[in-house]
Amino acid sequence: MGNQEHFRVWRGDDETGDFVDYDVEVNEGEVVLDIIHRIQATQAPDLAVRWNCKAGKCGSCSAEINGRPRLLCMTRMSTLPPGEPIVVTPMRTFPVIRDLVTDVSFNYEKAREVRAFVPPEGVAPGDYRMQQVDVERSQEFRKCIECFLCQDTCHVLRDHEENKPAFAGPRFLMRVAELDMHPLDAAAEQGLNRKEAAQDEHGLGYCNITKCCTEVCPEHIKITDNALIPLKERVVDLKFDPLIRRKKRAAKG
Amino acid sequence: MTEIERLSYDVIVIGAGGAGLRAAIEAREQGKKTAIISKSLFGKAHTVMAEGGCAASMGNVNDKDNWMVHFGDTMRGGKFLNNWRMAELHAKEAPDRVWELETYGAVFDRTPDGKISQRNFGGHTYPRLAHVGDRTGLELIRTLQQKIVSLQQEDFAATGDYEARIKVFAECTVTDLTKDGDRISGALAYWRESGRHLVFEAPAIILATGGIGKSFKVTSNSWEYTGDGHALALRAGASLINMEFIQFHPTGMVWPPSVKGILVTESVRGDGGVLTNSEGKRFMFDYIPDVFKAQYATTEEEADRWYTDADNNRRPPELLPRDEVARAINSEVKAGRGTPHGGVYLDVSSRLKAEVIIKKLPSMHHQFKELADVDITKEPMEVGPTCHYVMGGVEVDPDTGAASVDGLFAAGECSGGMHGSNRLGGNSLSDLLVFGRRAGAGAAAYIDSLGDQRPAISDDDVQVAARRSVAAFGDGGQEGSENPYTLHQELQQTMNDLVGIIRKEEEIQEALDKLEGLKARGEQVVVEGHRQFNPGWHLALDLRNMLLVSECVAKAAILRTESRGGHTRDDYPTMDAEWRHVLLVCTLNDDGTIDVERQEQIPVRSDLLDLFESDELGKYFTTAELGGRI
Amino acid sequence: MGHPYCVTVATLRTSTSSPEAGAGRAAIAARTLRTDRWWIPPLTTAVGLIAWITYATVRVFMQKDYFVGDYNYLTPFYSPCISNGCVPESSHFGTFLPDVWWLPYAALTLPFLLLFRMTCYYYRKAYYRAFWFSPPACAVAEPHAKYTGETRFPLIGQNLHRYFFYAAVLISLINTYDAIKAFETGDGEFGIGLGNLVLLVNVVALWAYTASCHSCRSIIGGRLNHFSQHPVRYKLWGWVTRLNGKHMQLAWITLGTLALTDFYIMAVSAGWFSDPRIIN
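Protein chains in written order, with my numbering: chain E, 1 to 253; chain Z, 1 to 630; chain A, 1 to 280.
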């Protein structure tokens with residue numbers, strides 16, 4: 001019932017690899033992951049691909065389709081130009097393990113470097129009170145499914161392996177923003193300044209707000225406008241704006 | 001055989017979903033060196049798929065709610081087959097577990113006075129589900145993940161090593177548990193990335209592997225749901241209960257084919273969505289069973305009033321427990337009143353404003369738009385039943401999560417009893433938290449009780465298990481060459497068609513015959529390629545578990561000659577009180593066959609029975625059980 | 001890759017190393033596998049910005065045809081007119097700059113306007129992509145071997161955006177004054193012509209662009225963690241946020257209205273055509 005499409009899938013490991021061509025049946029309503037699975041079941045049983053939910057909720061099946069970072073499960077075949085070969089490659093920014101599977105441990109290391117939520121002292125569980133308007137910004141960032149496509153597309157990491165130690169990437173700068181905007185986070189009381197950490201430890205200054213992270217986000221989180229730029233502005237409050245700094249000090253004193 | 005790396009821990013948690021992570025947090029907080037082993041990456045577990053919310057009687061929206069009402073709803077939903085002690089603990093502890101999440105950094109939706117907001121859901125008397133839009137599971141998993149990171153940060157500060165006391169082994173699969181005599185001694189696993197084996201020495205193992213949905217063709221479950229924990233427990237000598245009870249969620253997507261089965265959250269109905277057939281009729285009014293007549297509205301007017309005035313009206317029948325709604329949809333489609341793609345309509349577009357829909361059901365809006373090209377603010381969705389949850393699982397001690405084998409624990413979906421014959425929406429996330437924590441504490445207490453008497457792993461066991469796990473590469477003496485993908489598809493088709501939502505004896509028997517054949521062919525599976533991230537091999541190993549668990553399901557299903565919750569027999573269409581107090585217990589024999597035996601339930605504690613009206617109890621219990629109550 | 005713009009990118013690239021090879025990444029030689037015409041947006045941006053800058057540069061150094069005395073129309077490129085060379089009626093804030101060819105008549109404010117736009121979060125994206133190819137488009141490798149972003153001098157100066165925002169607010173006030181003043185004809189009577197509408201549209205667009213600034217959004221409320229305790233600022237933040245969503249469009253719209261306003265006034269001033277009057 002379906003029609004034939006031509007797929008070019010990158011296959012290989014961290015040492016060598018190349019494109020392999022597959023002609024495969026495509027049916028109405030299918031997504032790229034369906035086709036990869038069909039290739040697996042009928043032509044290449046050992047074709048490695050990472051996936052879990054196939055519903056765009058877990059963020060496992062990140063790869064690149066025709067050169068663009070996408071979730072394989074959320075890319076409908078009907079949205080790709082018909083008649084042209086479909087090129088599927090692993091995410092470029094991370095070391096490849098095999099075929100379409102990459103080693104994303106970089107992201108987990110960066111996640112560990114962002115200091116966790118600090119619960120307010122003296123507030124018992126059950127006594128947390130937060131207004132909806134105060135949590136909405138953090139909630140937007142918590143929609144993140146950690147597909148790491150923003151990390152993959154960000155040129156700071158993609159084109160510059162050497163920046164990896166210094167730059168946490170959009171996903172984790174957004175995590176810092178989330179915590180910095182959390183109405184009950186008590187980091188400051190513990191002597192932790194999240195703005196300072198964003199700039200000095202997580203490399204916020206590397207971001208040149210070219211917005212590829214926002215363009216690629218499958219959850220449509222406005223990473224640049226709502227997380228990164230506001231965080232940059234908060235850093236300005238702290239580091240580059242003597243007026244606000246003085247006011248703050250006066251208020252504290 | 002090459003040397004296999006050995007690692008030593010106090011507690012091994014298998015599975016990194018909600019239950020596994022909560023268990024690991026507890027074990028680590030009780031000072032135990034803990035490892036979490038996960039088939040997937042950290043934070044990708046099936047828990048992220050949970051949409052509606054986490055049930056806990058905090059009473060933030062309706063202060064009449066309390067643990068007793070929640071307990072009653074849970075028992076009613078499970079048709080009183082539930083392990084009452086688990087239902088009691090669950091109802092009592094759920095609020096504390098939810099509040100605790102806020103101290104880990106969870107950000108739930110709020111009420112106007114700043115508390116955690118709660119929403120209505122099928123089978124729950126009051127608005128009870130703590131939620132974040134329709135992505136509550138994601139919030140839960142991320143919160144627990146971040147709590148683990150925070151514990152690792154503490155350990156880093158103390159020892160200079162993030163993984164000193166709690167470590168996540170991601171993309172690592174456990175193939176077998178090992179025992180020292182009658183006690184658990186550890187587990188054999190392999191890295192999916194390299195195919196290399198590793199051995200975990202641990203006196204306590206917590207199974208938190210989730211469900212078995214991938215044995216069915218139409219399912220809302222992700223690939224990981226292959227019944228690993230169920231099968232590991234069986235092979236380690238533990239027993240499973242309630243395996244015949246499988247929840248078919250009434251609303252899965254039906255179109256396009258590639259997304260068939262993907263979940264459409266119950267919140268759509270909780271927030272006002274209605275089910276209609278091809279004639280435009282709200283058919284659920286025709287399907288209110290006698291036992292629920294008192295709580296559900298009989299007219300559309302009353303049902304609609306309930307959304308704004310729940311105290312003075314009865315709830316709409318769209319919010320009946322899931323088993324009832326799934327059966328009703330099934331009947332409508334069978335009667336020829338289905339949609340073009342074999343489902344029914346679920347409409348929210350004519351009931352709520354577009355902005356409200358996008359605000360309250362963002363993931364649904366996104367999911368239909370992206371996957372089906374349907375704008376749910378403008379047109380109805382087409383939905384039908386999908387395999388969603390297994391009520392059955394490892395038989396455990398309610399207070400500690402301990403299985404019948406020393407050192408083995410289970411929590412979450414892979415444990416059994418809590419939900420009886422049918423789970424209420426929202427009770428899964430709270431189950432994970434309550435019993436995840438209890439299993440973690442149970443494991444810690446067990447280890448303390450051991451003193452110096454730690455079990456050991458024998459090299460022979462390891463070598464045997466290691467050889468078995470790589471047999472599919474062709475050195476297992478196979479004569480044929482079965483393709484694991486083909487076998488898996490046949491298994492899914494068999495279970496879906498013959499042990500699905502509506503069952504009858506001949507069909508289940510046919511399924512059992514087919515399963516025998518599949519089992520035999522399973523021995524002949526050969527995989528291509530090498531051990532490095534080889535999905536064919538991974539599937540071959542999962543298949544072994546799926547076949548074992550499917551056999552339990554079918555064998556229990558053929559024995560239970562009644563219809564109750566997630567087990568509907570066409571040939572025994574009514575509920576039978578004589579079956580309420582009976583559990584079907586599955587065990588594995590040495591020769592690889594499954595035994596299913598009847599076991600009497602422990603009678604419900606009298607003070608808990610007092611929470612119900614006696615005429616309601618009369619619908620479920622035998623006269624003898626109720627004694628002087630009627 | 002036959003397009004001249006692509007050739008530029010390609011030439012730049014050959015001088016540097018290939019995209020991060022090694023580090024265990026998949027060995028894919030192509031710099032991008034994108035099959036769409038990804039070079040169109042940066043090319044459009046480059047053409048648009050170069051055209052505008054060229055026009056503006058020519059105009060600010062022309063030092064004529066900036067004022068229509070009959071109707072008090074002053075082009076924003078010469079406002080405030082503070083050079084000794086300014087027509088007396090056009091200078092509302094005094095004149096003190098020497099009249100030399102290399103000093104624009106509005107030399108006090110123009111640098112701030114330029115800096116406001118140079119440090120604007122939208123324009124930064126636009127020129128980093130279109131001129132510096134950092135990156136030229138998403139998932140297209142950039143040609144530079146090293147990248148330090150905005151971590152050091154001079155780009156760390158982008159953090160001064162909010163000061164230029166403050167300046168831009170003051171300048172917008174002056175532009176508003178000019179637009180109001182233009183309702184008074186040279187004879188001191190009230191009048192409306194097409195030029196008034198042009199000035200008005202321009203000044204409204206300028207305010208919208210200025211108010212939609214990311215720094216403004218932060219100052220007005222984004223800095224707060226408890227919106228619920230500051231209902232007025234929250235409301236304002238909500239408005240600015242909505243405008244902020246259109247910051248890119250407003251950035252281009254204002255470039256258009258500025259050039260158009262200036263051109264209109266130049267045309268009327270030079271007598272290429274006369275201003276159609278509605279009243280007086």
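Treat the hints as calculated values from the structure; they're not laboratory data. Just so it is clear, CB atoms sit at the ideal spot from N, CA and C, and this is done for glycine as well. There may be inaccurate statements among the hints.
27 Å max Cα-Cα, derived BS3-like pairs, lysine-lysine [what the hints assert, rightly or not]:
hint, chain 1, residue 1, chain 2, residue 2
1, Z, 353, Z, 115
2, Z, 369, A, 246
3, Z, 260, Z, 293
4, Z, 359, A, 125
5, Z, 353, A, 246
6, Z, 281, E, 143
7, Z, 504, Z, 92
8, E, 222, Z, 369
9, Z, 281, Z, 260
10, E, 222, Z, 281
Short derived list, chain E residues pointing at chain Z, Cβ under 8 Å [what the hints assert, rightly or not]:
hint, residue
11, 4
12, 8
13, 55
14, 74
15, 95
16, 106
17, 121
18, 122
19, 125
20, 126
21, 143
22, 192
23, 238
24, 239
So, going through the hints one by one against the coordinates:
Restraint check: the Cα-Cα separation between residue 353/Z and residue 115/Z comes to about 25 Å, which is no more than 27 Å; the hinted pair holds. At roughly 24 Å between alpha-carbon atoms, residue 369/Z and residue 246/A fall within 27 Å of each other, so this suggested pair holds. In summary, the hint linking residue 260/Z to residue 293/Z is not supported, as the alpha carbons are separated by about 32 Å, beyond the 27 Å threshold. Of the pairs offered as hints, the one joining residue 359/Z and residue 125/A is violated, with about 30 Å between alpha carbons and a cut-off of 27 Å exceeded.
Of the supplied pair hints, the one linking residue 353/Z and residue 246/A holds, its CA atoms being roughly 25 Å apart against a limit of 27 Å. Taken as a hint, the residue 281/Z and residue 143/E pair is broken in the structure, with Cα atoms around 36 Å apart against an allowance of 27 Å. Annotation: proposed proximity of residue 504/Z to residue 92/Z is violated, straight-line Cα distance about 38 Å (limit 27 Å). Using a Cα cut-off of 27 Å, the hinted pair residue 222/E and residue 369/Z holds, with the two alpha carbons roughly 19 Å apart.
As the CA atoms of residue 281/Z and residue 260/Z are separated by approximately 24 Å, the hinted pair is consistent with the 27 Å bound. The suggested pairing of residue 222/E with residue 281/Z is violated, with an alpha-carbon distance near 41 Å, which exceeds 27 Å. Taken as an interface hint, residue 4/E does not check out: its beta carbon lies about 17 Å from the nearest beta carbon of chain Z, beyond 8 Å. Checking residue 8/E against chain Z by beta carbon gives a least distance of about 19 Å; that is not within 8 Å, so the hint is violated.
At a threshold of 8 Å, the smallest CB-CB gap from residue 55/E to chain Z is about 5 Å, leaving the interface hint in force. Of the supplied interface hints, the one on residue 74/E holds, with its beta-carbon coming within about 5 Å of a beta-carbon of chain Z, less than 8 Å. Hint status for residue 95/E: violated, given a least beta-carbon distance of 11 Å to chain Z, over 8 Å. Hint on residue 106/E is violated. Least Cβ distance to chain Z is approximately 12 Å, over the 8 Å limit.
A least Cβ separation of about 11 Å between residue 121/E and chain Z goes past the 8 Å threshold, and the interface hint is therefore violated. Taking 8 Å as the C-beta cut-off, the interface hint given for residue 122/E is violated, the closest approach to chain Z being about 12 Å. For the restraint placing residue 125/E at the interface with chain Z, the shortest Cβ-Cβ distance is roughly 4 Å, inside the 8 Å limit, so the hint holds. Using the Cβ-Cβ criterion of 8 Å, the hint placing residue 126/E at the interface with chain Z is satisfied: the shortest such distance is roughly 4 Å.
Taken as an interface hint, residue 143/E checks out: its beta carbon lies about 6 Å from the nearest beta carbon of chain Z, inside 8 Å. Look at residue 192/E: its Cβ only gets to about 11 Å from chain Z, farther than 8 Å, so that hint breaks. A cut of 8 Å between beta carbons decides the hint on residue 238/E: the least distance to chain Z is about 22 Å, and the hint is violated. At its closest, the beta carbon of residue 239/E sits 25 Å from a beta carbon of chain Z; the interface hint therefore is violated under the 8 Å criterion.
Checked against the numbered hints above, the structure breaks hints 3, 4, 6, 7, 10, 11, 12, 15, 16, 17, 18, 22, 23, 24 and satisfies the rest.
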